[in-house]
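There are 2 protein chains.
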Amino acid sequence: MAIKRPLYLVTDRLDLTNDAFLARIKAACQGGVDLVQLREKTLSSRDYYELAQQVKTITDQFKVPLLIDDRLDIALAVQAAGVHLGQKDLPVAVARQLLGPDVIIGATTKTLAQAQTAVSEGADYLGVGAIFPTTTHVETVQTSVETLTAIKQAVPIPVYAIGGLNATNVDAVKPAAVDGVAVVSAIMKTDDPFSATQQLRQRVIDVTKK
Amino acid sequence: MAIKRPLYLVTDRLDLTNDAFLARIKAACQGGVDLVQLREKTLSSRDYYELAQQVKTITDQFKVPLLIDDRLDIALAVQAAGVHLGQKDLPVAVARQLLGPDVIIGATTKTLAQAQTAVSEGADYLGVGAIFPTTTHVETVQTSVETLTAIKQAVPIPVYAIGGLNATNVDAVKPAAVDGVAVVSAIMKTDDPFSATQQLRQRVIDVTKK
Numbered sequence: 001m002a003i004k005r006p007l008y009l010v011t012d013r014l015d016l017t018n019d020a021f022l023a024r025i026k027a028a029c030q031g032g033v034d035l036v037q038l039r040e041k042t043l044s045s046r047d048y049y050e051l052a053q054q055v056k057t058i059t060d061q062f063k064v065p066l067l068i069d070d071r072l073d074i075a076l077a078v079q080a081a082g083v084h085l086g087q088k089d090l091p092v093a094v095a096r097q098l099l100g101p102d103v104i105i106g107a108t109t110k111t112l113a114q115a116q117t118a119v120s121e122g123a124d125y126l127g128v129g130a131i132f133p134t135t136t137h138v139e140t141v142q143t144s145v146e147t148l149t150a151i152k153q154a155v156p157i158p159v160y161a162i163g164g165l166n167a168t169n170v171d172a173v174k175p176a177a178v179d180g181v182a183v184v185s186a187i188m189k190t191d192d193p194f195s196a197t198q199q200l201r202q203r204v205i206d207v208t209k210k
Numbered sequence: 001m002a003i004k005r006p007l008y009l010v011t012d013r014l015d016l017t018n019d020a021f022l023a024r025i026k027a028a029c030q031g032g033v034d035l036v037q038l039r040e041k042t043l044s045s046r047d048y049y050e051l052a053q054q055v056k057t058i059t060d061q062f063k064v065p066l067l068i069d070d071r072l073d074i075a076l077a078v079q080a081a082g083v084h085l086g087q088k089d090l091p092v093a094v095a096r097q098l099l100g101p102d103v104i105i106g107a108t109t110k111t112l113a114q115a116q117t118a119v120s121e122g123a124d125y126l127g128v129g130a131i132f133p134t135t136t137h138v139e140t141v142q143t144s145v146e147t148l149t150a151i152k153q154a155v156p157i158p159v160y161a162i163g164g165l166n167a168t169n170v171d172a173v174k175p176a177a178v179d180g181v182a183v184v185s186a187i188m189k190t191d192d193p194f195s196a197t198q199q200l201r202q203r204v205i206d207v208t209k210k
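Residue numbers (full-length UniProt numbering), protein chains in the order written: chain W, 1 to 210; chain V, 1 to 210.
Okay, chain W solo, but in the shape it has when bound:
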């Protein structure tokens, strides 16, 4: 994670066909997303695995690291770059022990205490939010920009702001001086994900500039 990766796409299949879903991810990669997290909560393990293989074919083509939400086994099965763990997923410490030092482990944290625990257990980066209300996550508890700022100041690893962020409102997180921004809808819900990604990435670079 030494390379700066400011724009982080978290997927949502919405009601897209499989082909349309994959096409949006490809367009986002072409448009410049720096990280992709495949996030599935309802698929069977077999379907999650097969979808992850398809997505990884795309992300590999663009040399974009692929992270798998929640499931270490799926991440291992497709040789993903890493996993992203929420508070209801396996503990970061357990994941680190199973995956070793070289696999990326990200953690969703909503409070300073959660952030500090994730760092002490070996997380490589944090996702902090939801900054704004979001329709794509089951978990919609909000985190203030003040908390985001406090977390960013307290931890030595990259911090991504997440939750309802888009090109119009992303300026809101500028005071926190985060390392990047993670989005779902701003890319997945547009009919032109390529242009949306290009525009959003420029805004995110402005916002994260130190």
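Each hint should be verified, as a subset may be incorrect.
Any copy, or any two copies together, can satisfy a pair, since identical chains are not distinguished.
Unchecked claim - Distance condition first, Cα-Cα at most 20 Å in a straight line; then the derived EDC-like pairs of lysine to aspartate or glutamate:
hint, residue 1, residue 2
1, 41, 191
2, 88, 50
3, 56, 206
4, 26, 179
5, 88, 40
6, 63, 171
7, 4, 34
8, 4, 102
9, 4, 19
10, 210, 121
11, 210, 12
12, 26, 206
Simulated from the structure, these hints should not be mistaken for laboratory data.
Place chain V on chain W using the hints.
Then chain V, alone, in the frame of chain W:
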């Protein structure tokens, strides 16, 4: 799996409290179950992991191997003896590659073709069913005793009959000469799982005697 392990308990929390659920598993271990599979389809990863830790404390006490349904990551996290994979879970071949040769991998197969695939991919045993209708599995497609027999005759690994089997009807699988019987309700749904297990194990030994 060289040691004969004829009675295989697959768990179901039903509407039990956590304590009552664990108490039934403990009573089943005391009564003589030879294998336990923790099977959860709705818990978060964190809850599945924590429950698996609790169950493993019990099964370890009785030296009963614990298998985890579906989730390789949970199995790895609690150092379970192995995993059990259905047709909607990760392929056996992928699991074998990730887990190595020493971890037990079981597979649910409903047809001879599925059974032969599972064997060729490295399964250690097969669960075949449902022999009788069952209320505890989402999957209720039935498999005949004829298919069970054909599978048993075709594969070189232990075969367990599963699906609605209990002390009263388990004789039905005797013609198949299976290696063991797996049950859910016959143990989990009784108020005296210790006695139920003792009685059932004797019946299963009779039925599986060569």
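Each hint tested on the structure:
Taking the closest pair of Cα atoms, residue 41 and residue 191 never come within 20 Å of each other, the shortest separation being 24 Å inside a single copy and 35 Å across copies. Taking identical chains as interchangeable, the C-alpha atoms of residue 88 and residue 50 lie at most 20 Å apart only when they sit on different chains, with a minimum of 11 Å there against 23 Å within one chain. In this homomeric assembly, residue 56 and residue 206 never come within 20 Å of each other (Cα to Cα): the closest approach is 29 Å inside a single copy and 51 Å across copies. In this homomeric assembly, residue 26 and residue 179 never come within 20 Å of each other (Cα to Cα): the closest approach is 23 Å inside a single copy and 50 Å across copies.
When the C-alpha separation of residue 88 and residue 40 is checked against a cutoff of 20 Å, the pair qualifies both within a copy, at 14 Å, and between copies, at 15 Å. Within a single copy, residue 63 and residue 171 get their C-alpha atoms no closer than 28 Å, and across copies no closer than 58 Å, so neither meets the 20 Å cut-off. Proximity of residue 4 and residue 34 under a CA criterion of 20 Å is satisfied intra-copy only: 8 Å inside one chain copy versus 53 Å between copies. In this assembly of identical chains, the alpha carbons of residue 4 and residue 102 lie at most 20 Å apart only when taken from the same copy (17 Å versus 41 Å across copies).
Proximity of residue 4 and residue 19 under a CA criterion of 20 Å is satisfied in neither setting, with 30 Å inside one chain copy and 48 Å between copies. With identical chains, the CA atoms of residue 210 and residue 121 are never at most 20 Å apart, being 27 Å at best within one copy and 52 Å at best between copies. Within a single copy, residue 210 and residue 12 get their C-alpha atoms no closer than 30 Å, and across copies no closer than 53 Å, so neither meets the 20 Å cut-off. For the homomeric pair residue 26 and residue 206, neither the shortest alpha-carbon distance inside one copy (24 Å) nor that between copies (59 Å) is at most 20 Å.
Comparing the model with each earlier hint shows violations of hints 1, 3, 4, 6, 9, 10, 11 and 12; every other hint is respected.
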